[in-house]
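Got chain L sorted already, so can you dock chain G onto it with the hints?
Sequences listed follow chains L and G, in order.
Here the first sequence is numbered in this note's numbering, starting from 6 and rising by one per residue.
Here the second sequence is numbered in this note's numbering, starting from 222 and rising by one per residue.
The hints are simulated quantities; they were obtained by calculation from the structure and are not laboratory data.
Among the hints, erroneous ones may be present.
[Unchecked claim] Cross-link-like lysine-lysine pairs, in silico, DSS-like; alpha carbons within 27 Å at most:
| # | chain 1 | residue 1 | chain 2 | residue 2 |
| --- | --- | --- | --- | --- |
| 1 | G | K230 | G | K278 |
| 2 | L | K47 | G | K230 |
| 3 | L | K47 | G | K292 |
[To be verified] Selected chain G positions facing chain L (Cβ under 10 Å, derived; list incomplete):
| # | residue |
| --- | --- |
| 4 | Q227 |
| 5 | P229 |
| 6 | D247 |
| 7 | Y285 |
| 8 | T307 |
| 9 | F311 |
| 10 | C312 |
| 11 | P319 |
| 12 | F325 |
| 13 | T332 |
C-beta: ideal position from N, C-alpha, C; glycine also.
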Amino acid sequence: QKEVEQDPGPLSVPEGAIVSLNCTYSNSAFQYFMWYRQYSRKGPELLMYTYSSGNKEDGRFTAQVDKSSKYISLFIRDSQPSDSATYLCAMSGNYGQNFVFGPGTRLSALP
Amino acid sequence: NAGVTQTPKFQVLKTGQSMTLQCAQDMNHNSMYWYRQDPGMGLRLIYYSASEGTTDKGEVPNGYNVSRLNKREFSLRLESAAPSQTSVYFCASSLTGPGNTIYFGEGSWLTVV
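Next comes chain L alone, as it looks inside the complex (with noise of 0.2 Å):
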């Protein structure tokens, strides 16, 4: 099993729509949850960060994380064209430099 596992996609959704997008782990370590938006051709990107359990809102997305579950999403309201790229979540603990990232979901939000 790896250690983290993501829904490649890709997702295609209509401009508008609402969009979940999800992680689950294995570590039950992992304190430290990310999500990076990544353009094609371009480096990923910091989009949210959330420390533990808890739900986090900056504009149109919102960072949900279950530690309980081992599960973490990310909603983006209102889908935009702009929005179209993959997201990848990441991890980390307390024990050092190690970031864990799932593969990625690619997204589309058609106009």
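Then chain G, alone, in the frame of chain L:
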């Protein structure tokens, strides 16, 4: 507003040739990383450096060497390139310690023929 800068952006090598990917960050981060990204494989850590003067192997170090030249710069060297090293390479940096986030460069596209 540079962040993490990588060079070159694109490179084509012949099998057996050597080359060095350069990386510099201006965020005063202690830790630096090299990843490769392949379709369906996600980001895989090649090497990382927790501080100036130290380097450690990641998940896929074979065929690569690194040098942490100073706090700002971390280079990745392919001594004898192989077609299996065709990939996109990302340099990244972070502050040291738990709870910090990692920041990436724009990537270097390498093709080995």
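Now the hints, each set against the structure:
1. G:K230 x G:K278: holds (24 Å)
2. L:K47 x G:K230: At roughly 10 Å apart (the allowed maximum being 27 Å), K230 (chain G) and K47 (chain L) satisfy the hint.
3. L:K47 x G:K292: holds (24 Å)
4. Q227: holds (8 Å)
5. P229: violated (14 Å)
6. D247: violated (15 Å)
7. Y285: This hint is violated: Y285 (chain G) lies away from chain L, its Cβ roughly 17 Å from the closest one there, beyond 10 Å.
8. T307: It is violated, given that the least Cβ distance between T307 (chain G) and chain L is near 16 Å, above 10 Å.
9. F311: Hint on F311 (chain G): holds, closest Cβ of chain L at ~6 Å, below 10 Å.
10. C312: holds (9 Å)
11. P319: Since chain L brings a Cβ to about 4 Å from P319 (chain G), closer than 10 Å, the hint holds.
12. F325: Cβ of F325 (chain G) sits 4 Å from chain L, so the hint holds.
13. T332: Where the cut-off is 10 Å and the nearest Cβ of chain L is about 14 Å from T332 (chain G), the hint is violated.
Hint compliance for this structure: hints 5, 6, 7, 8 and 13 are broken, all remaining hints hold.
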